[in-house]
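Peer 1: Each chain sits in its own coordinate frame; assemble them with the hints.
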Amino acid sequence: MRNSINLQQVSKAFGDKEVLKEITLQVETGEIFGLLGPSGAGKTTLIKILTGQLSYKGVSEILDKSCDKLDRHIYSDIGMMLDNSGTYDRLSCYDNMHLFAKLHDVNKNEIPLILDRVGLSNSKIAVGKLSKGMKHRLVLARALLHHPKILFLDEPTSGLDPSTAEEIHNLLLTLKNEGTTIFLTTHNMEEAYKLCDHISLLNAGTIIEYGVPDEICRKYNTQNAITILCKDGNTVTVTNHPDSANEIITYFINDNVEAIHSSEPTLGTVFMSLTGKELNL
Amino acid sequence: MIRIQNLQALLIKQIKDTLKNPPVLVFFLVYPIIAFVMSSAMKGQEGAGAFISIFATMHCVFSPAVVASSILSEEKEGNTLRVLIMSNVTLREYFISIGGFVLIATVASGSIFLFITEKDFVGSIIFILSLGLGSFISIILGLCISLYAKNASAANGIAVPCGMIFAFLPMLANFNKSIENVSRFTFGQQVSYLLGKGSISIFGIIVISVNTILLAILASVLFRKSLAEE
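As given, the protein sequences belong to chains A and B, one line each in that order. In this text, residue positions in the first sequence follow the working numbering: the first is 1, and each later residue adds one. In this text, residue positions in the second sequence follow the working numbering: the first is 282, and each later residue adds one.
Chain B extracted, bound-state conformation (with noise of 0.2 angstroms):
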């Protein structure tokens, strides 16, 4: 059974802690106002609105599993996690309080897009859903990669690159046609169009959902593996 007490501790400690920790706090901001300030540079120019689509994407892709894995692994390291689950915190409670403080702070600091685009309020509230889905596959990516760290600059390491596939790979194939071949197979290219045309294509269902149902196999097994080895 899950204890709301447990969540709501958590996520306050969470949001202390990331307060207190700019590096973690600048993950959920750059992409934002780095859009922000380019749209305000090109007002009026053609392509202003792509960079909204492409920071968005690197936003709820690329900052969820850096800073899922960077909490989940210091965690880890430090041996915080397993004083919390000594002190009647579940593994369930743990990850659903972590998880939903990302998902939380990435689509609350999101929504900072909302003030640069030209949306109406149904493609504002597709929009946010959006950045939700991505950040939501985006943490389990980062779960997958802080259990299969042994420490947190370990997985800083992985979290980085693996995050520059998901959310870069979008980026390129604006420019390169060959690129889209092969990026559209992952969940940050559909994530992307969905943030930039509002809509999703059954092969868009398909791959986000295929991309979820590995990823979250991947973290079952590595969890289960962490488990063994203790």
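Okay, chain A solo, but in the shape it has when bound (with noise of 0.2 angstroms):
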């Protein structure tokens, strides 16, 4: 499968302080590819670079065109949902996606049929009287108008409640089943792990790992083992071996297990074990 973004060693300064170093991936055409890190990893810098709006040393290139090169064009095959939202919070859903779809040649006709796709029905309102799960909503809306080949989504459901974001996620994987590269940036590792095909963790300008997330998570799998919880309020720790066989039979044939896990651990202990710090930060 051919490859919607290409990085190889890719660095980026401010003055003197380096926040990307020589970072090199490459994200598939239809996956969900998802870059986590804490905040002020070099995630949005990333993003930047990649949508041609930083300078950069290295190669970076999106639909094989350069990021140092990209001219207005590129931008009929990209759409973005960048964390600071953009909005003319004065006008009405209706009219801010009026402008972006003037701009990007697309039938008015089809500005409700997007309102409707991320749940947003009144269209009349003003953004400014939006809650911020709404909000977020419209700018899904914005980004997906002009039916890009990748979409960046910068933290797409920071701040937002369960049920909104779960919302979001079905719309991501539908939008990925129809083809739709897509680049987010999260610090939520749950969300990574059940939305990305491949994810990065960055730390501190450098990307630390680079995987499947189930992979990863087995590749760190260094505690092996297996925790039962009893019925007589115990938490037993067994090493997960041939071994252990004949003392986890015995909780069973003494009728004394509740729960049985195996401890593989999550991107947010792989994070942890790797760099010291907590992902959610």
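Because the hints were derived from the structure by calculation, they are not lab data. It should be emphasised that the depicted structure is a prediction, and the values quoted were computed from it without experimental measurement. Don't be surprised by glycine CBs; every beta carbon is placed ideally from N, CA and C. Worth double-checking, as some hints may not be accurate.
Claimed, not checked - Here's a subset of chain A near chain B, in silico, CB distances under 8 angstroms, partners left out:
| no. | residue |
| --- | --- |
| 1 | Thr-51 |
| 2 | Leu-70 |
| 3 | Arg-72 |
| 4 | Tyr-75 |
| 5 | Ser-76 |
| 6 | Met-80 |
| 7 | Leu-82 |
| 8 | Tyr-88 |
| 9 | Asp-95 |
| 10 | His-104 |
| 11 | Gly-268 |
Peer 2: The following block contains the structure:
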């Protein structure tokens, strides 16, 4: 499968401060790629480089075009949902969408369909009166309006209630099935685990791990233990090894097993073990 | 290449946005209305006509600077300018549409002055062109302010005193010759002469040209600086 995004040895510094250090990664066409890292790790800077907003050192390509030579036509193939919404708060949802429909040559009849798709039925309301969740939906609708090939989402569910976040997750999975490449940044490890085909863990401007979320978790499963929650209230941890079989069977024979769990690390604990820091900072 | 469709979309957006933004609307209407009220109240009295050029100067020099800086800095602060650029809009298209909107709105609302003045057809055309000239330079001033200011409130804080220097000095110059000796070096004073007398001296053309060039250079420097800061 060809890559929609290709980064080779990309670095970026603001003055003396090096924000990204020799980043190399590829994003396949049609996948959901997650860039995970704490605040200040360089996630937004990387999106800005990929969308031609910042200069950089190294090789950075999007849809086979170098990011330092992007012409304005590339923006017809890119949808963006930035952390800072960039909406016209005095205008209605429809008027906001109408502006961008004209800029992208999209038929205005598509506006109600897109708004419906993100669950914004009342398009006459002024954007300034929308809740944060509704505003998120509008920004997502705007990003989807022109059917982009690549969608950049910067913390798409940050600060949203679980139900709205779930709806956005489902929409992203549908878009992926329709062939859209999605590049999302998040510090929500559950979101990344659930949605992403591949992830990169970014810390202090360096990629410290890359791969399939499940494989990364298994790779760092150093504990290799099984936890038994007993009916008598005790919790017992045994090594995941044939030698422990008899011990585990004993708990079953004595009808003392409430629940039994393996103990693979989460992306959060992997990040913690690699950096000594929590991911959701 | 400039896309007419983008200019049109931005212009429509700005019209809708301004209609829902009373503080900006007030700026376009306040001076023509005050002039209308004052000239009606002083009808037949000596000096009534002087109010028209005073308020017309304020209208085309003060209001566009404040409104342009307010619109541009609000777009910068609210991140909408970045979103527009990521949606096939070039900065040139953006500045042309917003500048064009402010220019048209200032001249259109300034045409109210024609109802209270006794100018012939040629005089009216010169008056409208003078409003346009004052607005154009004032919009460049507003652009400089919005590029320099960090946010919309800071822009307003700078735009009001700057606008007052260029727009209120000509009014004060009517009453004080010493002030006029200073203010004649500003484009506001020269536009004021043009609005009042309908003609301009060589010195006036030089002052307006130098003011415009200096502001354009300043805007260019600030624009490059803001790009570098990005």
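Peer 1: Now, for every hint given, state plainly whether the structure supports it.
Peer 2: Checked hints:
1. Thr-51: Given a least distance of 6 angstroms, the restraint on Thr-51 of chain A holds.
2. Leu-70: Cβ of Leu-70 of chain A sits 10 angstroms from chain B, so the hint is violated.
3. Arg-72: holds, 5 angstroms
4. Tyr-75: holds, 5 angstroms
5. Ser-76: holds, 7 angstroms
6. Met-80: holds, 6 angstroms
7. Leu-82: holds, 7 angstroms
8. Tyr-88: Holds, because the Cβ-Cβ distance from Tyr-88 of chain A to chain B comes to roughly 6 angstroms (cut-off 8 angstroms).
9. Asp-95: This hint holds: Asp-95 of chain A lies near chain B, its Cβ roughly 6 angstroms from the closest one there, short of 8 angstroms.
10. His-104: OK, holds: His-104 of chain A within 8 angstroms of chain B, min 6 angstroms.
11. Gly-268: violated, 30 angstroms
Violated hints, listed in ascending order, are 2 and 11; each of the other numbered hints is respected by the structure.
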